[in-house]
Amino acid sequence: MLDFSILTDHLDMYLEGFKITITASLIALVASLVIGILIAVIRIVPFKPLNALGAAYVEFIRNIPLLIIVFFFFLGLRLDGLMAGTIALSIYTSSFIAEAIRAGILSVPKGQMEAARSSGLSYVQTMRLIILPQAFKIVIPPLGNQFINLVKNSSILSVVAGLDLMYQGDLISSRTFVVFDVYIFVAIFYLLLTIPLSLGVGYLEKRLAKSN
Amino acid sequence: MKKKWLQGLLLSILAVILLAGCGKETSTETEKSENETKDVLAQIKEKDKIVFGVKNDTRLFGLKNPSTGEVEGFDIDIAKALAGEILGDETKVEFKEVTSKTRMPLLNNGDIDVIVATMTITEERKKEVDFTDVYFDAGQSLLVKKGSSIKRIDDLKGKTVIAVKGSTSAVNIREKAPDAKVLEFENYAEAFNALKAGQGDALTTDDSILYGMADEDPSYELVGGTFTEEPYGIAVKKGNTALVEELNKALKAIKDSGKYDEIYAKWIKK
Chain R
4 MLDFSILTDH LDMYLEGFKI TITASLIALV ASLVIGILIA VIRIVPFKPL
54 NALGAAYVEF IRNIPLLIIV FFFFLGLRLD GLMAGTIALS IYTSSFIAEA
104 IRAGILSVPK GQMEAARSSG LSYVQTMRLI ILPQAFKIVI PPLGNQFINL
154 VKNSSILSVV AGLDLMYQGD LISSRTFVVF DVYIFVAIFY LLLTIPLSLG
204 VGYLEKRLAK SN
Chain P
7 MKKKWLQGLL LSILAVILLA GCGKETSTET EKSENETKDV LAQIKEKDKI
57 VFGVKNDTRL FGLKNPSTGE VEGFDIDIAK ALAGEILGDE TKVEFKEVTS
107 KTRMPLLNNG DIDVIVATMT ITEERKKEVD FTDVYFDAGQ SLLVKKGSSI
157 KRIDDLKGKT VIAVKGSTSA VNIREKAPDA KVLEFENYAE AFNALKAGQG
207 DALTTDDSIL YGMADEDPSY ELVGGTFTEE PYGIAVKKGN TALVEELNKA
257 LKAIKDSGKY DEIYAKWIKK
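Protein sequence lines, in the order shown, are assigned to chains R and P. Position in the first sequence (first residue = 1) + 3 = my numbering. Position in the second sequence (first residue = 1) + 6 = my numbering.
Everything labelled a hint here was simulated from the structure, so no lab data went into it. Wrong hints could be hidden among the right ones.
[Stated by the list, open to error] Here are some chain P residues the structure puts well away from chain R; computed CB gaps all over 12 Å:
1) Val177
2) Glu190
3) Phe191
[What the hints assert, rightly or not] Computed spacing ranges between beta-carbons, pair by pair:
4) R/Arg81 to P/Leu228: 22 to 28 Å
5) R/Leu211 to P/Pro184: 23 to 29 Å
6) R/Phe75 to P/Gly116: 45 to 51 Å
7) P/Lys133 to R/Gly205: 53 to 59 Å
8) P/Arg180 to R/Leu207: 52 to 58 Å
9) R/Gly205 to P/Asn115: 17 to 23 Å
10) P/Leu228 to R/Arg178: 23 to 29 Å
11) R/Phe7 to P/Asp143: 37 to 43 Å
12) P/Glu129 to R/Ile71: 39 to 45 Å
13) P/Ser154 to R/Glu62: 28 to 34 Å
14) P/Arg180 to R/Glu208: 45 to 51 Å
15) R/Leu207 to P/Asp223: 51 to 57 Å
16) R/Arg178 to P/Pro237: 19 to 25 Å
Ideal placement from N, C-alpha and C gives every residue a C-beta, glycine not left out.
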């Protein structure tokens with residue numbers, strides 16, 4: 004059975020890591036959502052050069068490993084581990100979020116835009132009043148997936164001494180030579196974050212479906 | 007709606023139980039394989055090959071040569087010489103690349119037979135594995151950029167020291183310099199790059215490895231001499247006394263024949 008003394012003996016380390024993982028995840032979550040929305044808008048506005056710029060950003064960022072983005076900020080720009088990891092995580096996740104939001108907006112039937120425009124609404128008004136509210140509902144489940152991935156991906160901080168949950172797990176396991184039990188407790192701490200997040204997204208999805 | 011929440015709760019409890027069960031199962035599995043592979047020496051003789059766990063990121067000891075794809079270094083040559091003594095042929099070896107973090111689990115799983123990977127003999131590790139006699143005498147030291155204000159270990163107060171995860175030096179430095187902040191990285195390459203990127207003021211590990219780094223980038227130097235003794239040992243799975251004896255015999259043989267000194271002179275230039 005699980006050796007709970009591992010948890011109780013190193014509780015301060017686990018909690019310190021948990022705190023950092025929560026902080027990094029929350030900051031990256033908000034930042035990636037903001038950047039993601041911005042990029043999605045850039046990809047959709049009726050102006051070709053901007054579209055291309057947005058597409059280039061998404062294709063470049065989402066097709067390289069997260070670790071390399073982290074190293075860029077850590078070794079290249081010389082930010083500390085926590086900062087480099089959080090910024091890299093925000094940028095990396097934002098490319099996926101931008102794609103999810105763009106797909107959501109595009110999945111609103113074309114007729115909606117045409118009808119709104121021909122009834123006299125401007126492009127921005129149509130987006131704000133007709134398209135985005137409908138897209139929002141469609142986008143919730145994929146966004147939820149991205150946020151869960153983000154929390155798990157935050158373990159990349161451990162590579163640049165970001166003091167997060169995984170880093171603390173590495174230290175505890177190298178001190179005690181216990182591998183499985185140490186990381187099972189790490190997994191449980193991650194579940195404490197991801198399961199409520201999952202449930203929250205599911206709840207929001209249900210609520211919005213009802214309002215249809 | 008209430009029902010859904012209950013479902014979610016039950017699901018998460020189930021997940022936790024599953025995970026816990028997972029740990030239990032694996033530990034019995036290792037116990038089982040421990041019984042099966044009790045005598046590693048007999049296995050080595052049977053397959054006529056020794057599987058060594060070696061570093062691939064440690065200059066002078068075990069470093070992957072990118073042009074050949076082969077790992078080269080002091081540990082590698084020692085391992086070959088040992089295989090030459092035990093099996094009569096230096097080529098009857100297989101090298102698996104390990105890190106400080108993975109070498110013990112790999113040994114205990116039976117993926118490797120012997121660890122020759124800059125591993126310090128400590129009391130704590132002796133509880134987990136069996137060690138041979140010392141095959142290399144190292145000591146922990148500090149690597150800093152030339153002209154740094156750090157001249158000895160006492161100067162570390164309030165500074166950031168870089169170490170490698172799972173190494174004894176990470177534990178030692180916390181004792182010897184309690185006022186320093188310690189950041190730990192995955193391997194020596196990352197640690198050295200972090201030092202170069204100014205993420206810390208000094209890098210600490212065994213002098214033998216630091217010499218390799220200073221050799222690579224002469225703008226860095228060792229300071230303060232050594233402040234610990236780090237006797238490197240060759241490790242085998244706990245309980246394999248016959249294999250330890252065989253390795254000790256082989257080690258003595260290559261020391262007597264001058265082969266050891268030859269390998270030492272080839273790699274270590276102080």
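Results of checking the hints against the structure:
{"no.": "1", "hint": "Val177", "result": "violated, 7 Å"}
{"no.": "2", "hint": "Glu190", "result": "violated, 6 Å"}
{"no.": "3", "hint": "Phe191", "result": "violated, 6 Å"}
{"no.": "4", "hint": "R/Arg81 to P/Leu228: 22 to 28 Å", "result": "holds, 24 Å"}
{"no.": "5", "hint": "R/Leu211 to P/Pro184: 23 to 29 Å", "result": "violated, 54 Å"}
{"no.": "6", "hint": "R/Phe75 to P/Gly116: 45 to 51 Å", "result": "violated, 39 Å"}
{"no.": "7", "hint": "P/Lys133 to R/Gly205: 53 to 59 Å", "result": "violated, 47 Å"}
{"no.": "8", "hint": "P/Arg180 to R/Leu207: 52 to 58 Å", "result": "violated, 45 Å"}
{"no.": "9", "hint": "R/Gly205 to P/Asn115: 17 to 23 Å", "result": "violated, 39 Å"}
{"no.": "10", "hint": "P/Leu228 to R/Arg178: 23 to 29 Å", "result": "holds, 26 Å"}
{"no.": "11", "hint": "R/Phe7 to P/Asp143: 37 to 43 Å", "result": "holds, 40 Å"}
{"no.": "12", "hint": "P/Glu129 to R/Ile71: 39 to 45 Å", "result": "holds, 40 Å"}
{"no.": "13", "hint": "P/Ser154 to R/Glu62: 28 to 34 Å", "result": "violated, 43 Å"}
{"no.": "14", "hint": "P/Arg180 to R/Glu208: 45 to 51 Å", "result": "holds, 48 Å"}
{"no.": "15", "hint": "R/Leu207 to P/Asp223: 51 to 57 Å", "result": "holds, 53 Å"}
{"no.": "16", "hint": "R/Arg178 to P/Pro237: 19 to 25 Å", "result": "holds, 20 Å"}
When the structure is compared with the earlier hints, violations turn up for hints 1, 2, 3, 5, 6, 7, 8, 9 and 13 and for no others.
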